[in-house]
Every structure is written in C-alpha cells, then in structure tokens.
Amino acid sequence: MNRRVAVTGAGLITALGIGKKQNLSGIFEGRNAINKIESFDIRGYRSKTGGEIQGFNFSRKLRKLKSSRLDRATKLLLTAIDEALLEAGLENALPADTGIFFGTTLGGMLSGELYHRNIVLGKKARPSLLLDYLAHYQGIHISKEYGLNHTAFTISNACASGTNAIGFAYNEIRTGVVNTALAGGYDTMCEFTFAGFNSLQAVTQTLCRPFDKKRDGLVLGEGVGIVVLEEMSSAVLRNANILAEVIGYGESSDAFHITRPEPEGSGAALAISRALTSAGIDALDIDYINAHGTGTPYNDVMEAKAIQKIFGAAGKNIPVSSVKSMIGHLLGGAGAVEAVITVMAINNGILPPNINYETPDPECHLNIVHKPGQKTSIKRAISNSFGFGGANAAIVFQSVNS
Amino acid sequence: MTKEFVITGIGIVSAAGIGKDEFWDAAINGKSGIKEISHFDTSRYKSHLGGEIRDFDLDAIFSDRRFRRVANISKYSLASSKLAVDDAGLDSNKWDGIKVGLVVGVTHGAINYTREFHAAMVKDGPAAVSPMLFSDSVLNAPAGNVSIAFNIKGAAHTIIGGMPTGLDAIAYAIKIMQSNNLDMCIAGGTEEIDSIVFDSYARLRLLSPNSGKPEGIKPFGIDRNGFVVGEGACMLVLEEKKAAIERMARIYAGIHSVDTALHINPAQSNKTFRDIDTEATYIAAGANGTSKDNIEAKVLQAVSAKRPFIGNIKPITGECFAAGSAMQTALAAMVIHKGIIPPSRVGYDLIPEIDWARFNPYAENAEVETAMVSSIGLEGEGSFLVLKKVN
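Chains X and G, in that order, give the protein sequences.
Okay, so the first sequence: first residue is 179 according to my numbering, each after it adds one.
Okay, so the second sequence: first residue is 212 according to my numbering, each after it adds one.
If we strip away everything but chain G, and leave its shape as in the complex, we get (with noise of 0.2 Å):
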C-alpha cells in the first residue's frame, strides 16, 4: 500500500507578494510585481523588465543573526519555509530533526556572490577574495542554510535544473520521505535575479523582446517574445495524509503524481504520461513566452479530457525557474483549497494550440477536484504534477 501525500504549508516570497495570502490577491486582482529592474544598469539591453523582490525584510519574518549576510537566493528560502511551516501550524524548536527533511530546487543558485567571488579574483587575484561569499555561493548552501535554520536532519537536498525542478522537488521529496521514514518534508524552489544571469539569458534571446514587438511576458500568445526573468521561492510543508489528518492540519490538496520525460514530444503524450490524471479542470501552466509554449499546448491537450481552465503566474512574478514551478504549485493547491479560479486575464491572442482550454476573464467559483501543473524546460525537458481534493 503505497501511502498518501498531502500539501499542509505554503510560503511565498515572490514579486507578486510575500506571503500566501498577498500571492493570492495578487492572482486574484492581476497584481504584477513586475517592473524596471532595479538591482542592476539594464540600459544597455532591450530588455528592462523583472519580477525582482523589494521591500523585504527577513529579519520581519524570520530573525536569526546567523543569516545576516547570507545570499538573497538563501534569505528568499528561510524566509518562503518559514511561512510555510508557520502555515502549517508546526514549530520547527519542537519537531524531531531527524524526522523531517529538506529538498531545495535550484536553477542558478547563488550567481551573485558567485559573481563577486569571481569578478574579485580575476581583477585583484587571491588575496581579495572573500571566504564568506565562497561557502555561500554553493549550490546547496539554501538548503544548508534552511536546514540549520530549521533543525532538519532527516535528509536535506539540493536538486539542479530548469523550470520544471520545483515539480521534481516535490517528486523527490516524496520518495525520501518514503526511503528515510520522514514525517515530513520541506519541499520547493528557488531563485535570485542577476545581472549574469540576464545578461546571458538576453544574449541567448531568450528574452523578451526578441522581436520587435513590445517587451513583456505574454504565456501562449501569438505575440509572444521571450520571457521577463523573476526570483523568489516558494516552499511546501509536504506530510503523509494520515498523520495530517490525526494532527488535524488545515490540508490545502493530495500529491496525486508527478510525470517527468526528457525531450517531450507532445505526439507522444500518451505514451509517456501514462499514468497521469486526466480529470483536471485546472492546470496552473508554466509556459513563459519562449517557443516551448506550443509544445506545452499541445501535451496539455493531449493529457487532458475535461476542457480546464487555465491559470498562469508568470505575469505577475516573472520567470522564477525552480522556484516558479513550485509557485504554480502553491496557486494550484489554494484553487483546489478554496474552489475559487483566479481570472486568467490574458489580454492579448493566443496561439491556436491552446484555442481548446479555457480562460476566464473574471474569477470563478468552481469545485476543483482535480488540478495540473505543467512545466517545460528550455531544453524540451518536462513535469507534470497533478493534485487532488482532499475531503
């Protein structure tokens, strides 16, 4: 008897919001938090736009000195996992470590200190760089970090890739929680914007605008010019439904499956999502303005035997990688908690790809029992999660 997972937490630090409950007003009211960059000069660039973080304080939200001078990428995750285990009614001075575990997704990881650290020693040579911005430049220092901060000592990963790893974050939290025999498991994505990082995303145009249309990110649009980059992390407090329900915790949805596949070739959904539900009536999509949104239409489609309404965060936090799929996670587990559908708002044309799904203009009170999330990677490289009401 395989056993059942549920979503009892979420904790957002994103442009649209910090904080579930800011998130989802921003979905709800078409909030963007995106803007003109503001970390970094982008004058020399046809892109200027960013789903950056501002006005925040971790100190607000989770105030421990040893993190002072941590990387944004680190204070955006103690931050999203300490809203999600406040969320989730736990308190990480009385849990048992050793029951708990920890899986960050991580795209680029800490590029900015990585950055200094490496600009410092080009320029001025060994004796300038500093020891501080190297441990935290790490890969895994969020999850060191958020492991420390938390007394996890279950298990604590770092897992690497595109825009789908907040989805195989999930995945992979729920099999080591079965391999270690963990109570519960933090689980999520994510990211922080940098000059590096746009730079290259620009020169691989990448970016919107890579036409000469109007900059900005436009989800299966005819129009669609590339993608507007984003940060943030979302973070989910994932337990074994039994036990959340004995604990009596507030369950926002049941982790139904998780599909992955490299190279996806949408004639051949069938075939390599076996196993995945196809009752959605709502599917939080990941697409992003790049040419992988036909291919997402198309999967979608072939996956999908109701008509679902379909919902995408994009505009409002910018491209997040990691840490959006995991948002789209988080947006879809409160559609199913709260039976409410966030307006689509999508004021402009969408390909013919996606002409069979719905979009609505207003917000919607709907039943969900079933819901998607779908990420592609910019190298064809995708998940799918599906989530389940749980009554």
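In isolation and in its complexed conformation, chain X is listed as follows (with noise of 0.2 Å):
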C-alpha cells in the first residue's frame, strides 16, 4: 500500500509567540525572540539568553485530566493540538483510532526536577509530580484528554526527535496502518539541559548565527509543534483543507560519536537522499531548505557539506535558513516547529530568515536567506534534523497546488 498524505492542520508555540499567526509575523519580519532567561537563576552560567514562550496561561477546561498534576509540556501541547485541531476542522470530530506520535527529549523534566530538587534540598516532593515526568505520559495524558485509544507513541532521538516522529506518522499513514495522526515534537526549557549544553560550551555568549563564519554555539528555546496528518482521499472526501503534502522521509545514523556530527556529513546526506528517494523527486526540485543549523560550529559545515554532496553545483542556490536564529534550539521540539514553520512557508509564499548573519563562511558555501520578508513561490521544502547521537532525518513538504 502505498497512500498519499496530506497535512490538514498544525499547531504551533515557540518564543515568536503562540499559535501560528503570532508566528507567521515574526517569522515573516525576523524577529529575534532569544531574550534572557527569566525561568530559572542563570547567575554562573557562560550564556545568559533563550528562546522562553512569553506569556503562555493555561487556562483550557480539561475533560479528562486534572491541570494540577500536568508538566508545562502537557499543557503546550494540548494548546498546539487544539490549534491543530480547529485549522484541521477535525475539533469535534477526532477519530478515536487517531495515532499520537510525539517526539522529545525531555518529557515532563520540569516536573522531574522540581521533585528531585526538593528531594536534594530535604524538602517535601510531591508525588504528584511523578504522573507527567516520563517522556512518554504527555501522549499517555493527550490520548486521554482526547480520547484516543490507537497508540501514543513517543520517540525520543534526541534533536531529530521531532523530524522522526512526524517521519513515522507519515509512514504509518502510507501503508495504511493509521488514517488520521497527531504528530508533532516539544521540550520545555529546563535547568538541566541549559547546565548540560552550558557544560558541553556548546552555547554561544552572543547571538546564534547558524552558518555564520563568526558562529559560536547554539541557544535553547522551547516550544511545540503539531501536525494533522491524514490519507489524502479520505481529507479530499471531507473538502478538508489540505495545507501541504508530506511526500517524503528520510533517516539515519552517523555511528560516529556521542555528541558531534560525522565531520563530512555523510550520515546527514543519507538522510536527505533517502528522503528525496522515497519522494520520487529530484534534488533540483527542491525550493527551499529548512536547515538544522544549530549555529555550532561543528553542525553547520557538517550539514553545508551533506547539503553540497546531494544537491551540487545546485546546493549554492537553493534558499537556505534555520529559524534556530530567531527561536533557538528546541531539540526535540525543533524538527516539529521547522517542520510546522516549512509548511507555512509554502503556504505563503516567505522565505522564513536566518537572522544574524553577517559574515559569509566559505566553508558553509550555500544561499543563506539572511534578509527578511523575501517572498517567493515554494512547491516543495525539505526540513533537516540532526541530533546527539548521531540521528538524522529529513522530511520533504510539497505544495498542494503543484
């Protein structure tokens, strides 16, 4: 079986605001919403900045659940899936036999380390905090809230997170498995990974400039992003409106090392060939790349060479950018909010911006879309993931006029 997949709704939360339409405008003017961490104490830390959501009350009447016992992360979701839901005209009509495929890295961290950290400083923990740590109850809690009794399924493959779980609701929709999937990624922002990545100096102290010669290191952010995916017959069948076509989807492993990418990008450029394979299309028809670029050095030239070995003479033309310069580095979130942000970027016609690019790296040889409010036509995108140990992915976006 081999059937066609169309997303019919998204939803999406990042520090450019919530819901798509906050988004959409500061994606379109290249706003930069990296502001200093206000969450937690960052005195002692090498960086100072990220990408928090500003402003997010939950105030959702729950059905099913009891809103004092959700993580963040929970309540994120629930307010990306119910954006989702209502582009998707699916808000009262959600078949029960709907797959959830989540992507990330954190879980319910935030609930995990309050608990921990009362336990360390001798206080009361509250086991209450427990029932939404686990990386794989907030798809257990959404299947809940929404009644949904096919499979919640949650991958976790670091910074690719994202990218593999909406790779996998796709495939699961191709051959027929499922009809209907939530797919999408979030992590929150948590001490834990902020001390992590601050403790790898993998964190810039100024600005993220993802393919920037003057590049030094990446910037967490938080968020969520949400696809509705469904079989495109049964989508047409209910005159759904059908934002994009996700034709193909690629992965790999780099076998390499635990926190670096394979220098020559070899691993990366697998995942990008076979996502280009399995959407029976050339790498000339691809308009517009969503890079991972993390603005590490490490990442970039690695993803650069990858991008070169598959595209060519071509790779130096094809628009380029990561969103990581204006909302961070949301790991397993990242792949779902490019993806979403890809979608919306064939939707209306923008190149979404790689701000703070200033200085051109002849090592990163690409067409890096560093001006804002570019608008363009873009039949089809290609969002590339890549993570800590070595997991790669890539997704290919088409346009539903094309």
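For the record, the hints were derived by calculation from the structure and aren't laboratory data.
Everything numeric in this text was worked out from a predicted model, so none of it was measured.
Be aware that one or more of the hints could be misleading.
Rough simulated footprint, nothing fancy, chain G against chain X, three-plus residues with beta-carbon under 8 Å [said to hold, decoys possible]:
id : region
1  : 203-217
2  : 436-449
3  : 559-569
Simulated DEER-style distance windows between Cβ atoms [said to hold, decoys possible]:
id : chain 1 : residue 1 : chain 2 : residue 2 : range
4  : X       : L462      : G       : E490      : 46 to 56 Å
5  : X       : N235      : G       : R265      : 46 to 56 Å
6  : X       : G551      : G       : F267      : 58 to 68 Å
7  : X       : G527      : G       : A516      : 55 to 65 Å
8  : G       : S249      : X       : S412      : 15 to 25 Å
9  : G       : Y256      : X       : K244      : 51 to 61 Å
10 : X       : P475      : G       : K549      : 52 to 62 Å
11 : G       : G336      : X       : P305      : 21 to 31 Å
12 : G       : R265      : X       : N213      : 22 to 32 Å
Heads up, simulated DSS-like pairs for lysine-lysine below, C-alpha to C-alpha not over 25 Å straight-line [claimed, not checked]:
id : chain 1 : residue 1 : chain 2 : residue 2
13 : G       : K257      : X       : K301
14 : X       : K322      : G       : K482
15 : X       : K557      : X       : K199
16 : X       : K226      : G       : K482
17 : G       : K242      : G       : K424
18 : X       : K322      : G       : K503
Backbone N, C-alpha and C fix where the C-beta goes; we use that ideal spot for every residue, glycine too.
Now that you have both chains on their own, put them together as the hints suggest.
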C-alpha cells in the first residue's frame, strides 16, 4: 500500500508567540525572540539567554485530565493540538483511532526536576509531580484528553525526534496502519538541559548565527509543533483544507560520536537522499531547505557539506535558512516546529530568514536567506534535523497546487 | 507480499543471568536474581528487594575503551547487543552498517547520571556539573553508544514507553527495516535501577509490599502486593526470514504480529486485537503483581483458543520495564526453539481470572508452534506479540 498523506492542520508555540499567526508575523519580520532567561536563576552560567515562551497562561477546560498534575509540556501540547485540530476542522470529530506520534528529549522534565530538587534540598516532594514526568506520559495524557485509543508513540532521538515522529506518522498513514495522526514534537526550557549544554560549551555567549563564519554556539529554546496528518483521499472527501502534502521522509545514523556529528556529513546526506528517493523527486525539485543549522561550528559545516553532496552545484543556489537564529534550538521540538514553519513558508510564499547572519563562511557555501520578508513561490521544501548520538532525519513537503 | 522477519540472535543482561544460556538455566531451575538491594540504602522503605545486575564486567563481553565511563544502562545495552550479534553468528566489523538498524526501548533512561548531574547542579551550582554525565544522560545515549560500537548507520532509534516498550521496539524495528530497506536490526529494551526510580514507585505505592503481606513479586497472585524493581537489557537480532535462511542462520522463531492498544478494556479484546493469532500454547506474560494483572489475565483468556502454559520471568528478574518485555520475548523464542516449557513455579494462590490457563510445576517437553508475549503498562497501555515456529 502506498497512500498519499495530507497536512490538514498545524499548531505552533515558540518564543515568537503562541499560535501560527503570532509566529508568522515574527518569521516574516525576522524578529529575534531570544531574551534573558527568566524561568530560573542563570547566575554562574556562561550564557544567559534563551527562547522562552512569553505569556503562556493555561486556562483551557479539561475534560479528562487534572490541570494540577500536568507538566508545562503537556499544557503546551494541549494548546498546540487544539489549534491544529481547529484548523483541520476536527476539533469535534477526531476519530478515536487517530495515532499519536510525539518526539521529545525531556518529556515532563520540569516536573521531574522540581521533584528531585525538593528531595536534594530535603524538602517535601509531591509524588503527583511524577505522574507527568516520564517522556511517554505526555502522549498518554493527550490520548486520554482527546479519547484516542490507537497508540501514543514517543520517540527520543535527541534533536531529530520531532522530524522522526512526523516521518513515522507519515509512514504509518502511507502503509495503511492509521488514517489520521497527531504528530509533532516538544520540549520545555529547563535548567537541566541549560546546565548540560553550558557544560558542553555548546552555547553561544553572544548571538546564535547559523552558517555565519563567526558562529560560536547554539541557543536553547522551547516550544511545540504539531501537525494533523490524514490520508489524502479521505481528507479530500471531507473537503478538508489541505495545507501541504508530505511526500518523503528519510533517516540514518552516523555511528560516529555521542555529541559530535560525522564531520563529512555522510550520515546527514544519507537521510536527505533517502527522503528525496522516497519522495520520488530530484534534488533540483527542492525550492527551499529548512536547515537544522544550530549555529555550532561542527553542525553547520557538516550540514553544508551534506547539502553540497546531495544538491551539487545547485546547493549553492537553493535558499537555505535556520529558524533557530530567531527561536533557538528546541531539541525534541525542533524538527516538528521547523516542519510547521516549512509548511507555513509553502502556504505563505515566504522564505523564513536566518537572522544574525553577517559574515559568510567559505566552508558553508550556501545561499543563506539572511534578509527577512522575502517572498517567493515554494513548491517543495525539505526540513533537516540532526541530533546527539548521530540521529539524522529529513522530511519533504509539497504544496497542494503542484 | 509482506516480508517475514525472524529472531536469529539473543543477548541478555539480567539479574537472572548474563547471556541467554545463564538466563535459560535460571528459568528452568528457578534461580532468581532478586536479592536485597545493594546499590543504595533502602532502610527507610518497606521495600528492600531488587533484581540488580551484579558481577557484571563489560570488558569481559565487549572491550572498548571509548565506553569505559558510560552509564550502566549503556553498558547493559552494549553487552546485550554484543551477545546478540555473536549469538546470531554475525560480525559488526564485516557488515555494511548502512544496511543495519537499531531500536532501543527505554522507560526511565540513564537515571543514575541524570540524578547525579542534577544533584550537583542544585547543590553546588553550574560550575560543578559534568559534561560527560550530561551527554550520557540523554534518553538516546544507549542507542547512540550501541550504534557507534557496532557501526549501525541504517537508522538508530530510541522509543520511550512503559513495560510494553520492548515489544513496541520489535514492531518498530520491522517497520524501519522495510521503510529503509535494511537487512537486519538489533531491537530490544534497556533499563537501570536507581534510587530515585525506587523512591518514586515506593511513593506511588506500586512497589511490593504495598499491603501487610510479605515482600515479593507474585504475578497473578491473590496476595500480590506490587512489583520488585529489576534492571538489565535484552537485545534481539531481527532479520528477514529469506536472508536468514540463505545465510543458514539459526532461527529461534518468526515474528508473526504485534498488536498494541491504549486504555485496554478486556471486554473488547476481540475487537481490539482483531489480528492476533489465538493458537498460542505458551504465553510469556508480563504480569508483575500490580492491579493490571487482572486485566492481563482477562485479555489473555479472550485471545486464547487453546489452553496455553503461562510463564513469567519477573520472579527471577524483577520488573525491568522496557527491557522486561524484550526478555519475555527472548524466553518465548527459546521455548519455541528448544521445545521445552520452563516450570512456572507458582508457589502461591492464583487469581480466579487466570484459572483457565496452565501452570506447570516441572519443565515440560512440548512442540510450541505459536507463543505469545503480553505486556500491559501502568496506564493500561498494552502490546501483544505473537511468535511462530519456523520450520
């Protein structure tokens, strides 16, 4: 079986805003959403900034769950899923056999952190904090709230998780296992990861500048990206508004190093080429590359090499950008948020900008979209994600007009 | 035409034994690895037992300086992967890594390192934390380490979930072998015991003894009073049947199906598990002495046409979460391959919901054509895997 897969709804929360609309204006303007960290004490850390979501107040009525037991991650998920279902017109008609496919690296780490912090400091730790800590509990909670009984699949392949989750959901619909999927990724800003990336000296003390010669590290962000995927013919039959089609997905593993990517980009190139092959298209059919582009010295040159391997001479012309320059690195949420932004780029005919880009790096010989507000027609776009442990993934979206 | 996949290698690191032969011997002779916990102090708890891995030396199984300081969960994963690859008669130095995949099922992850890193951060501040602990604490660190150690480039995934996750990893491995056109995949589960996990389950009143009765794990027992924690890893080598036959590999069993569901309702088992093969004569059950045992018993009855023997490894390994259901699969595959059903050694009264099934006091010789592995998680999510004898 080889069925087609439509994106019929999307939900997005990043430091640029809550909802697609808020994010779209920020992406169009090339707004910097990186600010001083507010949610914990940053004294003693090398870097002080991050992409925290501003003004998120959770007041949604819950049907099955208790708000007091939910981690911030689940609250963000519920909000983004509501947005995605509303756009898909499925807010009151989501089939019970809809599959849940999530990617995350932390799950409900904020709850776990608070629980453990209290134990370490000899204070009272509420056991209820444990009920939404483990990384598969968010999916289980979502299944309860929306009355879904098929699967709550959680994948954790570091920073590729979000792309893996959407890619797996695409394959499950394509091969007839499910007809509808809620797929995406999420991660919250927490001190645990902030301290970890600081200790690895992977964070910038200035600005996140993907592909710039002066790039010196990533900046962390938080957020959620969700897509509603449906089997194409049933989406057409119910007159759903189709945002885009998922046409290909590829993955691979570096087998190289636990934190560093394979420097020649061969693992990343394999994931990209598998995505293009499964889409049945040529590299030259791609109009926009939504890069992983973390702003670390290692990743960006590796990614540039991978792009050049696959796209050849054209790799220097295809527009490339990393939205991490604006919202930071969302880890398990990154691939999903960037997938939603890629679909928004297709829908709105805009190229998301790679801000803070000033000095070209001859080692990253790419057509970096450094000016905001550029309009263009995008028929097909690819979104790349690469993570710790050598996890690589890429996904291809196509506009419905093509 | 759908491809068929088979199990050709088994690697186990458990309290009941390291390597499939020790594990099988423990199952036949009822040698339990459950003892008083030694990794940390349990004096302030009612629970003191655990299935800890002891006398484990990674170097003796897989010697590679790069992994000397990795978390226990990664060490168990590396050792069980190495044992599985050797058992399958394969050599990772000779295979084309692009054709090999990896799926690791995890419930809690490298919780020791996570706890140590976090405690240093809280107590001593940012300057005190270790980058090594951080990079090895991430949920996909075991998969990352195994992929590096065994040159696995086709795909390497970590899937997160409760007890059924070892089965979900096998189901997922079969899917990624097909979508990526891989020759083989290492798949299973891995877990490590830690004081914080122990503390959490004790507070949630899931650990034995949560009643006045003595401590101990009694699957399907009337007097069951919670589970006993365990740790370890179990990795299986999965290959396409045709390729395995061509290279004359020893085949333990074929993977017939994996069915999953959330919020299992036993009354709807037949509807939920429509594709399940009901001919199983042996079931490696996942019951762990919690309230979910009743549900599992009812579902198994609903999906069993025969009167199967019921086996359970948890009295010898403890509850190993994602690794546990992979170990159950290894046991069921060995039952099919050897034609021997280990004794169930139930020295206690069983719940009436399971009285339809068979429990054997002694090992029995039996041709098992179909075996089932069942696992239900704490939130009522469950997976059921069916294995078939390959002739």
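Can you list which hints this structure breaks, lowest number first? When the structure is compared with the hints, numbers 1, 8, 9, 12 and 16 turn out to be violated.
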